[in-house]
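Could you put the whole structure together from the sequences, leaning on the hints where they help?
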Amino acid sequence: METSPIELEKGKESFPPAPNIERPMHRHRYVFGQKVDTIDWLRSQLKEVIPQVEELQQRHREGQVKPVSAVFIEFGTQMEAQIAFQTLSHHHPLQMTPRFIGISPDQVIWPALQYSWWQRIIRKFLIQGFIAVLVIFWSIPSAFVGSISNITYLTNLLPFLKFINDLPGIVKGAISGVLPTVALAILMSLAPIILRWCARQSGLPSTARVELFTQNAHFVFQVVQVFLVTTLTSAASAATSQIIKDPLSAKDLLAENLPKASNFYISYFLFQGLILSSGAVMQVVTFLVFKLLRVLFDRTPRNLYQRWASLTGLSWGTVFPVFTNMVVIAITYSCIAPIILGFSSLGLYLVYQAYRYNLLFVYDSTVDTKGLIYPRALKQVLTGIYLAEICLIGLFAIKGAIGPLILMGIFAIVTAVAHISLNDALSPLLSALPRTLDNEDDVEEEIIGTGSEGCSSSSINDPEKGIAQATVTHTELIGRRARLRKKFLKFTTWLLHPSTYADYASLRKKVRQDPGITYGQEVDDNAYYPPSVTSPTPLLWVSRDARGVSRQEVALTRTGDPDYGRGGPSR
Numbered sequence: 001m002e003t004s005p006i007e008l009e010k011g012k013e014s015f016p017p018a019p020n021i022e023r024p025m026h027r028h029r030y031v032f033g034q035k036v037d038t039i040d041w042l043r044s045q046l047k048e049v050i051p052q053v054e055e056l057q058q059r060h061r062e063g064q065v066k067p068v069s070a071v072f073i074e075f076g077t078q079m080e081a082q083i084a085f086q087t088l089s090h091h092h093p094l095q096m097t098p099r100f101i102g103i104s105p106d107q108v109i110w111p112a113l114q115y116s117w118w119q120r121i122i123r124k125f126l127i128q129g130f131i132a133v134l135v136i137f138w139s140i141p142s143a144f145v146g147s148i149s150n151i152t153y154l155t156n157l158l159p160f161l162k163f164i165n166d167l168p169g170i171v172k173g174a175i176s177g178v179l180p181t182v183a184l185a186i187l188m189s190l191a192p193i194i195l196r197w198c199a200r201q202s203g204l205p206s207t208a209r210v211e212l213f214t215q216n217a218h219f220v221f222q223v224v225q226v227f228l229v230t231t232l233t234s235a236a237s238a239a240t241s242q243i244i245k246d247p248l249s250a251k252d253l254l255a256e257n258l259p260k261a262s263n264f265y266i267s268y269f270l271f272q273g274l275i276l277s278s279g280a281v282m283q284v285v286t287f288l289v290f291k292l293l294r295v296l297f298d299r300t301p302r303n304l305y306q307r308w309a310s311l312t313g314l315s316w317g318t319v320f321p322v323f324t325n326m327v328v329i330a331i332t333y334s335c336i337a338p339i340i341l342g343f344s345s346l347g348l349y350l351v352y353q354a355y356r357y358n359l360l361f362v363y364d365s366t367v368d369t370k371g372l373i374y375p376r377a378l379k380q381v382l383t384g385i386y387l388a389e390i391c392l393i394g395l396f397a398i399k400g401a402i403g404p405l406i407l408m409g410i411f412a413i414v415t416a417v418a419h420i421s422l423n424d425a426l427s428p429l430l431s432a433l434p435r436t437l438d439n440e441d442d443v444e445e446e447i448i449g450t451g452s453e454g455c456s457s458s459s460i461n462d463p464e465k466g467i468a469q470a471t472v473t474h475t476e477l478i479g480r481r482a483r484l485r486k487k488f489l490k491f492t493t494w495l496l497h498p499s500t501y502a503d504y505a506s507l508r509k510k511v512r513q514d515p516g517i518t519y520g521q522e523v524d525d526n527a528y529y530p531p532s533v534t535s536p537t538p539l540l541w542v543s544r545d546a547r548g549v550s551r552q553e554v555a556l557t558r559t560g561d562p563d564y565g566r567g568g569p570s571r
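Counting along the sequence shown from 1, when you hit position 249 you're at 249 in UniProt numbering, and nothing is skipped either side.
The set of hints was computed from the structure by calculation and includes no laboratory data.
Don't take every hint at face value.
Claimed, not checked - Derived pair list, reagent style BS3-like, types lysine-lysine, alpha-carbon separation capped at 25 Å:
1) K162 to K172
2) K370 to K124
3) K370 to K510
4) K379 to K124
5) K162 to K370
6) K47 to K35
On a predicted model such as this, the values are computed, not experimentally measured, just so you know.
Below you can see the structure in the form of structure tokens.
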């Protein structure tokens, strides 16, 4: 039975009330308001809000809004964009800065574009100060976690914990080995959430920049809290009582107990390698969170569809610092307690296998940093070399070994000079492309084009040249054995002269060249508008039911569509 437009105008009086159906109710104007039907009230609000939103969208497209302090500039080629990016654009300080290249519209953080240059500076320093304070005060719980690894000191300090000494050896080993590692992992899992929020509040314009900011801040957190604080507290807790009795022996006791702190990191590497890698493959926690969020928050068919259709996202700013810090710990302790190298290699290998599988089949990377996050992680690994040299300098100074102390001082200076030289040489290439690459592309295309045309013309127009080419080809087949002998020489040349076989032209041949992407007119028109301007009015998904309630609600919500009773999506 079809419903006429007149019946639609009458509203829900045209439909008999469904039996035993409890309609959702809420109080208008919070607690003291009148109780109203939620569906009817939301329907009336939609009739008022949708025209207002469409009007605001049209005004934004017509330029009748306050402009923001940001501009998007498109270029026809990559080289033109690079020339503009590397050009000083304004003679006034802090104008046309900062500049970013290679940002796609779907990675833009639109609220950050409204900040002026002075607001960005203030936010930057406030966020940096907040992170510094957070790192300092986060040391308190991290120090407590590190002290758990020394049960003897902990039970002497807190007498009510002396019952731990009466527990079996396996339980005591789990408390001193596994418990602090798990507690530290849980404690550090809260840091990336706070740091990513700080990155967004600092005014960074894209999600890629947010990930890079989070990577830097989280790495500082990892090194200070997971490594330095835990190492010092673990070593100091074992010698505190002796230092109190004989303060002059502090340096000798710390030097003696510092290698013993590696026991905690052996457990840490085993925990990361065995438990976390297996958990990453099994995805037990992700499954439980998926089920919990689906029950608590997925109230509509659209929510259910998005939950089932989307893959798990991967935040590089959270993942990289954890494993970079593992490498830093392994490098630092490689000279103090070399046994840690075996456990760190095992742990990192298991983590590599787990993430390799997840990156291929489970995770979905939605943030593209254009490869900047990997070289930044490699630079951060040098922190382990500095810390190892500082530890050795301190140990040699305590023992009074003058010769090794001088050598380590020289090595530290050489490391710093090499680090500065690498930054000066490579940092400009990470943010911009050299203009000479365009010339190499032109030369390569010219050679390829000339070669293909010359071969085809000589073979067709001159038969004798074609016969000569066939003879040369036959000669090359005969000389294959000679070429095999040359491969060894080529390998040694590749090893000793990498600039010859690892230059831009050689490496580009190994990279797949994707066809150019073409965009439609709609994408060109809406690419650099915020989603609030380009988003159409969303559809209301109403599930069809046997009692006809969905048919009634669709008919009351739809305006003038004869297919109101088919249970499909409706406006």
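>> For K370 and K124, compute the direct alpha-carbon distance and say whether it is at most 25 Å.
In response: Since the Cα atoms of K370 and K124 sit roughly 23 Å apart, the hinted pair holds (cutoff 25 Å).
> Regarding the pair K47 and K35, is the alpha-carbon distance no greater than 25 Å?
Replying inline: holds, 20 Å
> Are K162 and K172 close enough, with their CA atoms no more than 25 Å apart?
Replying inline: holds, 12 Å
> Between K370 and K510, does the CA-CA distance stay at or below 25 Å?
Replying inline: holds, 18 Å
> Regarding the pair K379 and K124, is the alpha-carbon distance no greater than 25 Å?
Replying inline: holds, 23 Å
>> Checking one constraint from the list: CA of K162 to CA of K370, max 25 Å. Satisfied?
In response: violated, 55 Å
Violated hint for the displayed structure: number 5, the only one.
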